[in-house]
Amino acid sequence: MPYGTVNADSLVSSDGGVISPNINSLRNRIINGAMVIDQRNAGASITVNSNSGTQFAADRFLVQGTSSEGVFTAQQLSATPPTGFKNYVRVQTTTASASPASGSLYAMSQIIEGFNIADLGFGAAGASTVTFSFWIRSSLTGTFSGSLKNGNAYNRSYPFTYTINSANTWEYKTVTVAGDTSGTWQTGNLGGLIVYWDLGCGSSLLSTANSWQGGNYNGVTGSTRLISTLNATLDITGVQLEKGSVATSFDYRPYGTELALCQRYFRKTNGGVNTEPTLYAYGDGSQVIGQSWIFPVPMRVSPTTTTSGSLAIGNGGSPTILVSPDSYFLYVMPSGGGTVYYQPNGSYRISFSAEL
Amino acid sequence: MYKLIKNPQGQVATVLRLADNAFIPMDEQNTDYAAYLKWLAEGNTPEPADEIKGE
Numbered sequence: 001m002p003y004g005t006v007n008a009d010s011l012v013s014s015d016g017g018v019i020s021p022n023i024n025s026l027r028n029r030i031i032n033g034a035m036v037i038d039q040r041n042a043g044a045s046i047t048v049n050s051n052s053g054t055q056f057a058a059d060r061f062l063v064q065g066t067s068s069e070g071v072f073t074a075q076q077l078s079a080t081p082p083t084g085f086k087n088y089v090r091v092q093t094t095t096a097s098a099s100p101a102s103g104s105l106y107a108m109s110q111i112i113e114g115f116n117i118a119d120l121g122f123g124a125a126g127a128s129t130v131t132f133s134f135w136i137r138s139s140l141t142g143t144f145s146g147s148l149k150n151g152n153a154y155n156r157s158y159p160f161t162y163t164i165n166s167a168n169t170w171e172y173k174t175v176t177v178a179g180d181t182s183g184t185w186q187t188g189n190l191g192g193l194i195v196y197w198d199l200g201c202g203s204s205l206l207s208t209a210n211s212w213q214g215g216n217y218n219g220v221t222g223s224t225r226l227i228s229t230l231n232a233t234l235d236i237t238g239v240q241l242e243k244g245s246v247a248t249s250f251d252y253r254p255y256g257t258e259l260a261l262c263q264r265y266f267r268k269t270n271g272g273v274n275t276e277p278t279l280y281a282y283g284d285g286s287q288v289i290g291q292s293w294i295f296p297v298p299m300r301v302s303p304t305t306t307t308s309g310s311l312a313i314g315n316g317g318s319p320t321i322l323v324s325p326d327s328y329f330l331y332v333m334p335s336g337g338g339t340v341y342y343q344p345n346g347s348y349r350i351s352f353s354a355e356l
Numbered sequence: 357m358y359k360l361i362k363n364p365q366g367q368v369a370t371v372l373r374l375a376d377n378a379f380i381p382m383d384e385q386n387t388d389y390a391a392y393l394k395w396l397a398e399g400n401t402p403e404p405a406d407e408i409k410g411e
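Taken in sequence, the protein lines are chains G and Y.
The first sequence begins at 1 in my numbering and counts up one residue at a time.
The second sequence begins at 357 in my numbering and counts up one residue at a time.
There may be inaccurate statements among the hints.
Which chain G residues face chain Y? A few, computed with CB under 8 angstroms, are given here [said to hold, decoys possible]:
#1 Asn-189
#2 Gln-287
#3 Val-288
#4 Gly-290
#5 Val-301
#6 Ser-302
#7 Thr-306
#8 Thr-320
#9 Val-323
#10 Met-333
#11 Ala-354
#12 Glu-355
Simulated from the structure, these hints should not be mistaken for laboratory data.
Remember, predicted model here, so these are calculated numbers, not experimental data.
For each residue, glycine too, the CB sits at the ideal point set by N, CA and C.
Please take these sequences and the hints and turn them into a complete structure.
Printed below as a string of structure tokens:
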């Protein structure tokens, strides 16, 4: 039997399923696209009524709202995912805003780090085409919208629409976009490319569909606003952004790999007794007592650190935490000579955030 | 409001955001530190750091 060569972007089976996508590992530039990692909330619902930039529906999926107007909740769920998935994120309007103000922001997004889009060559001739795909379900039907945007500068946007045909039914959507040959696109550890789902932004954040344009837009003028309908739901999972014009099957990654990818941006300690950052030490009271801990994954930048719960501390004051991208140092000032200790009592957690 | 924090060597090494007791590293690519720098540029002043034992 003679040998030959097949030149193709992908092989497609007779039922339309892609059986051999471009053979690149980590082809999905979205992290946690199957919504399996939720370090912050562990599946609990969060209420979104501000643009704090610190609320995430699941790891890497930022949710932003507007104060004193519409309110929505966001939650990682597992009750009724589409076939082949375990989790999804639900956003649901809990206070409707019939007519959001011009600058009001209601959106879910993921900021892809510049390192992870550098090969796309955006901002110059020859920029690669990308394809964005996701599973979505809503209690509403109609034309919804989103956008692709440059991170950091926020001045190049590609608004797009997608149609939800049947209420409360999972549908698979794909959007193929020619790469932007203009603008400034980060290729290092700053925000590279942002993908948005518009949930009802005001008019100044909306524009026309299907072209790259100068400006900061999250969606398309006239599209359906989830925030305007009380109790309306929107469920999303299987999110993928890849190089090329073909939406390939979802790029499943091992759980540990996906968790490690998330922990470049956020990490939370276990909190259990005798777990990190437990320390027992002895001193004469004249020096601080502390210890360094190595992050399991180097973080994007030195992270902001917050704590929750209580830490049992013996013979010392409240801890101070100093960080670098790959480790942290926790120390206390001793009250006097003798044994100094600090130990999580089951609820104490340290959160490290290096989000974009 | 913010407060400066020293490391055990007595050098200012981080910034405490008093609203939520978040330790913010002095790294310009950290979004919270960028917000602190903007706050400084608006003419605000952080609380001084406490002294460190053994400093």
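Against the structure, the hints:
At its closest, the beta carbon of G/Asn-189 sits 6 angstroms from a beta carbon of chain Y; the interface hint therefore holds under the 8 angstroms criterion. Look at G/Gln-287: its Cβ gets to within about 4 angstroms of chain Y, closer than 8 angstroms, so that hint holds up. Proximity of G/Val-288 to chain Y holds as hinted, the smallest CB-CB distance being about 5 angstroms (cut-off 8 angstroms). This hint holds: G/Gly-290 has a C-beta 7 angstroms from the nearest C-beta of chain Y, less than the 8 angstroms allowed.
Here the hint on G/Val-301 is kept, as its CB sits about 4 angstroms from the closest CB of chain Y, short of 8 angstroms. Contact between G/Ser-302 and chain Y, as hinted, is supported at the beta carbon level, the nearest pair being about 4 angstroms apart and thus within 8 angstroms. For the restraint placing G/Thr-306 at the interface with chain Y, the shortest Cβ-Cβ distance is roughly 5 angstroms, inside the 8 angstroms limit, so the hint holds. This hint holds: G/Thr-320 has a C-beta 6 angstroms from the nearest C-beta of chain Y, less than the 8 angstroms allowed.
The closest approach between the C-beta of G/Val-323 and any C-beta of chain Y is roughly 5 angstroms, which is under the 8 angstroms cut-off, so the hint is satisfied. Satisfaction of the interface hint for G/Met-333 is found here, the shortest Cβ-Cβ separation to chain Y being roughly 5 angstroms, below the 8 angstroms cut-off. At a threshold of 8 angstroms, the smallest CB-CB gap from G/Ala-354 to chain Y is about 7 angstroms, leaving the interface hint in force. Proximity of G/Glu-355 to chain Y holds as hinted, the smallest CB-CB distance being about 7 angstroms (cut-off 8 angstroms).
The structure meets every hint from the earlier list without exception.
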